[in-house]
Amino acid sequence: MAEEEGKRLKVDSVETEALEELKREGLLTVDGGIIKLTDKGRKKAEKIVRLHRLAERLLSDILGFKDVEEHACKFEHLIDDEAEEAICTLLGHPQVCPHGRKIPQGHCCIEKETEVEKVIYRLSELSPGDEAEVKYTVADDRETRMLISAGIIPGVGLKVIRVYPAFVIQIENTQFALDKKLADAIYVVRRG
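To convert, note that position 37 of the sequence shown is 39 in the working numbering; the numbers rise steadily by one, no gaps.
Each hint should be verified, as a subset may be incorrect.
[As the list claims (entries may be wrong)] No farther apart than 25 Å at their CA atoms in a straight line, the calculated lysine-lysine pairs in the BS3-like style are these:
#: 1; residue 1: K104; residue 2: K76
#: 2; residue 1: K49; residue 2: K38
#: 3; residue 1: K68; residue 2: K114
#: 4; residue 1: K49; residue 2: K68
#: 5; residue 1: K49; residue 2: K104
#: 6; residue 1: K137; residue 2: K183
#: 7; residue 1: K25; residue 2: K49
[Claimed, not checked] Cβ pair distances, simulated, as ranges:
#: 8; residue 1: K183; residue 2: H101; range: 43 to 49 Å
#: 9; residue 1: H79; residue 2: N175; range: 41 to 47 Å
#: 10; residue 1: E117; residue 2: D142; range: 29 to 35 Å
#: 11; residue 1: Q172; residue 2: D142; range: 21 to 27 Å
#: 12; residue 1: P130; residue 2: Q107; range: 39 to 45 Å
#: 13; residue 1: E133; residue 2: P167; range: 29 to 35 Å
I should point out that these hints are in silico values taken from the structure, not numbers from a laboratory.
Cβ coordinates follow ideal geometry from the N, Cα and C atoms, glycine included.
Construct all of the structure, not just a fragment, from the sequences and the given hints.
Here you go:
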């Protein structure tokens, strides 16, 4: 960010049009050739910088990417507020990006949230009465064929009937008994 680094920038005609648009949106002011962000503009810029730098940290620290810049530029536009807080919390509220630049604090940093709520569960982690939607399975070919033939596929809804001595689930009007290994291979998102 030019303002962050104290740089002055020259502006061409294409950029002049963009600046006029930003001015109309109340994000900046132009006075005697000096461009300054408004409070609204500064908040928006900090948000964009935060998303970009969190994307860099995620790509670098969690996914192991070496060259993160191009990917982070694309990824930052996909991050909504909920994902932003989850990513930041997952990363332990990092203060700097991989290049050593400050990451603006978010609400989750101020509140010092330390846990990201789990979204995907193994079917074996659910309790009787829980309802869920199958997201994916991790099983060998034989088990995968068996799951498919039983209709246990991504997108299908199910209800846990009991967990012991066998894992019993219900899909529509049909109940299935699964062993622990198979229940561990089915990943779901809770409903309700």
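Verification of the hints:
no.: 1; hint: K104 to K76; verdict: holds, 20 Å
no.: 2; hint: K49 to K38; verdict: holds, 17 Å
no.: 3; hint: K68 to K114; verdict: violated, 29 Å
no.: 4; hint: K49 to K68; verdict: holds, 24 Å
no.: 5; hint: K49 to K104; verdict: holds, 12 Å
no.: 6; hint: K137 to K183; verdict: holds, 17 Å
no.: 7; hint: K25 to K49; verdict: holds, 18 Å
no.: 8; hint: K183 to H101: 43 to 49 Å; verdict: holds, 45 Å
no.: 9; hint: H79 to N175: 41 to 47 Å; verdict: holds, 44 Å
no.: 10; hint: E117 to D142: 29 to 35 Å; verdict: holds, 33 Å
no.: 11; hint: Q172 to D142: 21 to 27 Å; verdict: holds, 25 Å
no.: 12; hint: P130 to Q107: 39 to 45 Å; verdict: holds, 42 Å
no.: 13; hint: E133 to P167: 29 to 35 Å; verdict: violated, 22 Å
Figure legend: structure checked against the earlier numbered hints; hints not met, in rising order: 3 and 13.
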